[in-house]
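Listed below are the residues making up each chain.
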Amino acid sequence: MSPRPDRGARERILQAAVRRIAREGIDGVRIARIAMDAGVSSSLVHYHFDSREALLAEALEYSYHHAADARIDTDEPASGSRAARLQTMLDQCLPTTPALEQDWVLWVELWLRAVRHPELRPVAEELYARLIAWFADEIEAGVRSGEFARCDPQEVADRTVALLDGFGIRVLIGDGAVPLDRARRAVAASLARDLGLGESLEPLRGLEASQALNIPRLDTGRGAA
Amino acid sequence: MSPRPKVDHLRKPQIVEAAAEVLYERGLFDTRIGDVAERAGTSSPTILYYFESKDRLLEEAVEFADRSFYERLTGAQNQFEHAGDKLVHLIEETSRGPGGLNDYTLWMEIWVRARREQRVRNAYFRLDRRQRELIAEIVREGQESGEFRADADPDDFALMLSGLMDGLGVQVTLGQPDVSSKRMVDRCLALASAELGCDLHPSRPAGRTRVARS
Chain H
2 MSPRPDRGAR ERILQAAVRR IAREGIDGVR IARIAMDAGV SSSLVHYHFD
52 SREALLAEAL EYSYHHAADA RIDTDEPASG SRAARLQTML DQCLPTTPAL
102 EQDWVLWVEL WLRAVRHPEL RPVAEELYAR LIAWFADEIE AGVRSGEFAR
152 CDPQEVADRT VALLDGFGIR VLIGDGAVPL DRARRAVAAS LARDLGLGES
202 LEPLRGLEAS QALNIPRLDT GRGAA
Chain F
224 MSPRPKVDHL RKPQIVEAAA EVLYERGLFD TRIGDVAERA GTSSPTILYY
274 FESKDRLLEE AVEFADRSFY ERLTGAQNQF EHAGDKLVHL IEETSRGPGG
324 LNDYTLWMEI WVRARREQRV RNAYFRLDRR QRELIAEIVR EGQESGEFRA
374 DADPDDFALM LSGLMDGLGV QVTLGQPDVS SKRMVDRCLA LASAELGCDL
424 HPSRPAGRTR VARS
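Listed in order, the protein sequences are those of chains H and F. Residue numbers for the first sequence follow my numbering, beginning at 2 and rising by one. Residue numbers for the second sequence follow my numbering, beginning at 224 and rising by one.
Do not take every clue at face value.
Estimated spans, in silico, between C-beta atoms of each pair [said to hold, decoys possible]:
(1) 123/H - 356/F: 21 to 27 Å
(2) 43/H - 363/F: 55 to 61 Å
(3) 363/F - 40/H: 19 to 25 Å
Residues on chain H that point at chain F, a partial pick, calculated with CB under 10 Å [said to hold, decoys possible]:
(4) 116
(5) 121
(6) 188
Keep in mind that the hints were calculated from the coordinates and are not lab data. Here the structure is a predicted model, which means the values were calculated and not measured. Even for Gly, the Cβ is constructed at its ideal location relative to N, Cα and C.
Generate the whole structure from the sequences, applying the supplied hints.
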């Protein structure tokens with residue numbers, strides 16, 4: 002016994018956990034299955050993660066970082082317009098790729114789990130704060146450079162993140178009335194209006210940017226698992 | 224075998240109501256049929272006679288919670304003359320904080336489950352559509368009376384407002400520090416005012432709202 006912590010094992014456990022939780026849910030997932038997928042013993046999984054809450058929180062963190070490796074770093078000097086970058090950011094927050102879809106499932110699992118396990122609420126809080134700051138920084142930079150109309154970046158970012166959640170959940174579940182494209186356009190239009198850009202965030206250039214970042218377009222059929 | 228309850232019409236609604244409460248408190252995964260039976264004052268076989276699975280119970284429970292919400296809502300809406308007041312009322316009722324069957328807990332159960340179960344997914348689509356249709360109807364009414372901008376698309380607006388309410392509703396239900404139910408109302412009203420070209424304000428505790436065409 003007394004499993005030795007090693008980095009590779011922890012990483013493999015998290016990879017396996019993300020896949021299993023996305024497929025089976027945090028409630029139903031068997032720790033033994035995750036251990037099997039990761040090629041480690043169940044006791045090692047328990048050693049690293051002493052509760053389902055801890056496992057979910059870490060799996061989500063792991064997935065967040067890996068779902069969009071190409072997530073834009075807002076500190077980098079802007080290549081292309083800020084509006085195009087915002088469009089790319091929106092795409093990275095909707096279930097546009099299989100990896101992001103998996104990330105989304107975990108996100109929704111976190112909401113539900115956090116209702117009954119308050120110890121998870123700070124995790125949600127942290128993720129919300131990070132996302133909102135990500136958008137707010139980009140918007141603020143655009144306002145400063147004069148590309149965007151003056152607005153309250155925090156307020157606009159808050160609303161954008163809430164809209165992304167509301168639309169993302171419909172895309173995720175596969176509502177035929179709300180395909181990915183409609184969701185993209187609707188959230189982008191709302192953001193564009195606030196920034197004084199009319200009705201869209203330069204859709205063409207946004208699309209090019211997402212292709213440049215290697216974001217494959219999703220087949221937007223049903224979101225069935 | 225096969226219990227033939229004689230009081231169908233009485234017992235089923237009681238079971239659904241009990242199921243809604245238990246599911247709200249414990250979640251689908253941790254709910255046992257026996258828990259629901261106990262709450263409803265009946266037996267597990269009786270419950271299984273009406274509902275073949277927990278998913279069916281969830282579906283009906285959310286349908287029940289949603290229907291009671293809309294009955295209450297539409298009942299109260301009749302007192303309002305203006306479409307703007309109706310919209311404010313709908314937003315305020317949807318933005319109530321956590322701690323009632325109508326916060327977002329049961330919706331989250333549905334969302335998590337809908338990806339895995341076709342029937343639950345269909346139930347979600349049906350309920351979601353009902354909400355959007357109600358919003359779109361209020362918008363059309365306001366457009367006819369000249370309160371709202373005529374060129375706003377009622378269905379697009381309904382989807383937008385509904386999306387925003389869901390996104391914020393999750394945060395309110397999770398008790399996110401920056402999102403109180405008051406802020407949720409303010410943000411939804413700001414969106415509605417901008418999209419519909421009007422000026423909506425929260426109703427005062429006493430009740431009435433003022434709507435001014437901008």
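Q: May I ask which of the numbered hints given earlier this structure violates, with the numbers listed in increasing order?
A: When the structure is compared with the hints, numbers 1 and 3 turn out to be violated.
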